[in-house]
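Novice: Each chain, written out:
2 protein chains.
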Amino acid sequence: MDMPAAQPLDRESKASERPADHKDELRLWLRLLTCTTLIETEIRSRLREEFKTTLPRFDLMAQLDKSTTGMTVGEVSQRLMVSNGNVTAVVAGLLADGLVDKRPAAQDRRVQVLTLTAQGRRAFRAMAERHEDWVAELMAGLDQSEIVQLFRLLGQTKTSLHEAIGRRQSQAQARAAQGDTA
Amino acid sequence: MDMPAAQPLDRESKASERPADHKDELRLWLRLLTCTTLIETEIRSRLREEFKTTLPRFDLMAQLDKSTTGMTVGEVSQRLMVSNGNVTAVVAGLLADGLVDKRPAAQDRRVQVLTLTAQGRRAFRAMAERHEDWVAELMAGLDQSEIVQLFRLLGQTKTSLHEAIGRRQSQAQARAAQGDTA
DNA sequence: ACGAATTATTTTAGACCTAAAATATTTTCT
DNA sequence: AGAAAATATTTTAGGTCTAAAATAATTCGT
Numbered sequence: 591m592d593m594p595a596a597q598p599l600d601r602e603s604k605a606s607e608r609p610a611d612h613k614d615e616l617r618l619w620l621r622l623l624t625c626t627t628l629i630e631t632e633i634r635s636r637l638r639e640e641f642k643t644t645l646p647r648f649d650l651m652a653q654l655d656k657s658t659t660g661m662t663v664g665e666v667s668q669r670l671m672v673s674n675g676n677v678t679a680v681v682a683g684l685l686a687d688g689l690v691d692k693r694p695a696a697q698d699r700r701v702q703v704l705t706l707t708a709q710g711r712r713a714f715r716a717m718a719e720r721h722e723d724w725v726a727e728l729m730a731g732l733d734q735s736e737i738v739q740l741f742r743l744l745g746q747t748k749t750s751l752h753e754a755i756g757r758r759q760s761q762a763q764a765r766a767a768q769g770d771t772a
Numbered sequence: 591m592d593m594p595a596a597q598p599l600d601r602e603s604k605a606s607e608r609p610a611d612h613k614d615e616l617r618l619w620l621r622l623l624t625c626t627t628l629i630e631t632e633i634r635s636r637l638r639e640e641f642k643t644t645l646p647r648f649d650l651m652a653q654l655d656k657s658t659t660g661m662t663v664g665e666v667s668q669r670l671m672v673s674n675g676n677v678t679a680v681v682a683g684l685l686a687d688g689l690v691d692k693r694p695a696a697q698d699r700r701v702q703v704l705t706l707t708a709q710g711r712r713a714f715r716a717m718a719e720r721h722e723d724w725v726a727e728l729m730a731g732l733d734q735s736e737i738v739q740l741f742r743l744l745g746q747t748k749t750s751l752h753e754a755i756g757r758r759q760s761q762a763q764a765r766a767a768q769g770d771t772a
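The listed protein sequences correspond, in order, to chains A and B.
The first sequence runs contiguously to residue 772 in the numbering used here.
The second sequence runs contiguously to residue 772 in the numbering used here.
Do not take every clue at face value.
Since the list gives no way to pick one copy over another, a pair counts as held whenever it fits inside one copy or between any two copies.
Derived lysine to aspartate or glutamate pairs resembling EDC-like cross-links, with alpha carbons at most 16 Å apart [claimed, not checked]: (1) 613 with 733; (2) 613 with 736; (3) 656 with 719; (4) 692 with 665; (5) 692 with 655; (6) 642 with 687; (7) 613 with 727; (8) 613 with 719; (9) 748 with 727; (10) 642 with 632; (11) 613 with 723.
By construction, these hints were calculated from the structure, which means they are not laboratory data.
Assemble the whole structure, with the sequences as input and the hints as a guide.
Specialist: Right, dumping it as structure tokens:
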């Protein structure tokens, strides 16, 4: 079998390279995490200093602002990728501050519908404007084409993640079904 | 004044476009956050199921594993980008489980030096191997060139973030010095 | 119709995280 | 040397987060 001739095998790769070496993926993940943490920490800090509020509250209000008719606890928790119980807790704070309204749905009394109050909407809009500027300022070192490219690659990443997570969930379901009938 | 002729102005852009519209940066940030949250949630879940441990503990042990001589509380907190108090708390759990050792430095008794115990090192190595596989599995939808490109663009992002955060911190310092002498 | 399964939310117990104050130690300045 | 400033860590108070159990309401299958 022919091999490509003089290509130096260990130019970049470690001597310890194994059949399945996934160091690059790991380094990518760590860098992704670093970027997210840096941004998150900075935004938390500015929200606290300028608006005396927190990121989870801001995020929750952002979801409600996008919806005119209100959202249920479950919808919000799915959107924010946090637990139901957490939404209940964060909403409790926003209710106390008069920024959010909560009432049972007319048709299904299990469901709680959350909406921004007028005050909440005003407060959110003011914060959102600043927030958008902060993010732009943080990304100022990237030009337009880099932003677009990064956005696209993260789209690919998101797809990859959903596929991998979906695969695992269907495996878990299969195991559970197996257990039921065993 | 001449304008470029027939370029359709509002092909993609919103009618509400303002002098400084930073929607792209915002969308980029939200997508970045989504990817990070998806990965983090999945890894948390697997660490719990397979090893009955948590991500903060794993991350802390990962830092200690990289150092042969041990690290101080401050070094760890800087590396992990968390508060000192948080390191104290997470270490308390690891100490209780016999995975980490803590002792004052000989030269400077303010400093606490953290090291993995033999048991801690063994436990971490086993987890790290699996962890690397999980990350690779999650990223499986990206080919090598996409991984490299993404890594490079996130490097640019990191630089941009450090610059913006650095600028803000020197401004805050200047304000503080101003206040001192005012 | 009515009991069982399902669905939506809240509660609980416990871990994590931060900022700010408190504590302990070292260094610096006179 | 000794007071003051600086440094490293811990403590405290309070918000965030999760998983799992509990509660409440609806739907499904007979």
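Novice: Are the hints correct? Go through all of them and say.
Specialist: Against the structure, the hints:
1. Taking CA atoms no more than 16 Å apart as the test, residue 613 paired with residue 733 passes between copies only; the shortest distance there is 14 Å, against 29 Å inside one copy.
2. In the homo-oligomer, the alpha carbons of residue 613 and residue 736 lie at most 16 Å apart only across protomers (15 Å), although the nearest pairing inside one protomer, at 24 Å, exceeds that limit.
3. For a Cα distance limit of 16 Å, the shortest separation of residue 656 from residue 719 inside one copy, 14 Å, qualifies, whereas the shortest one across copies, 42 Å, does not.
4. For a Cα distance limit of 16 Å, the shortest separation of residue 692 from residue 665 inside one copy, 14 Å, qualifies, whereas the shortest one across copies, 45 Å, does not.
5. Taking the shortest alpha-carbon separations for residue 692 and residue 655, only the intra-copy value of 14 Å comes in at or below 16 Å, while the best inter-copy value is 48 Å.
6. When the C-alpha separation of residue 642 and residue 687 is checked against a cutoff of 16 Å, the pair qualifies only within one copy, where the shortest distance is 12 Å, while the shortest distance between copies is 38 Å.
7. Within a single copy, residue 613 and residue 727 get their C-alpha atoms only as close as 32 Å, which misses the 16 Å cut-off; across copies the closest is 12 Å, which meets it.
8. In this assembly of identical chains, residue 613 and residue 719 lie within 16 Å of each other by CA distance solely across copies; the values are 11 Å between and 40 Å within a copy.
9. Only between protomers do residue 748 and residue 727 lie at most 16 Å apart by alpha-carbon distance; the minimum there is 13 Å, versus 25 Å within a single protomer.
10. Proximity of residue 642 to residue 632 under the C-alpha cut-off of 16 Å is restricted to the intra-copy arrangement: shortest distance 14 Å within a copy versus 32 Å between copies.
11. Proximity of residue 613 and residue 723 under a CA criterion of 16 Å is satisfied inter-copy only: 9 Å between copies versus 35 Å inside one chain copy.
Violated hints for the displayed structure: none, as all numbered hints are satisfied.
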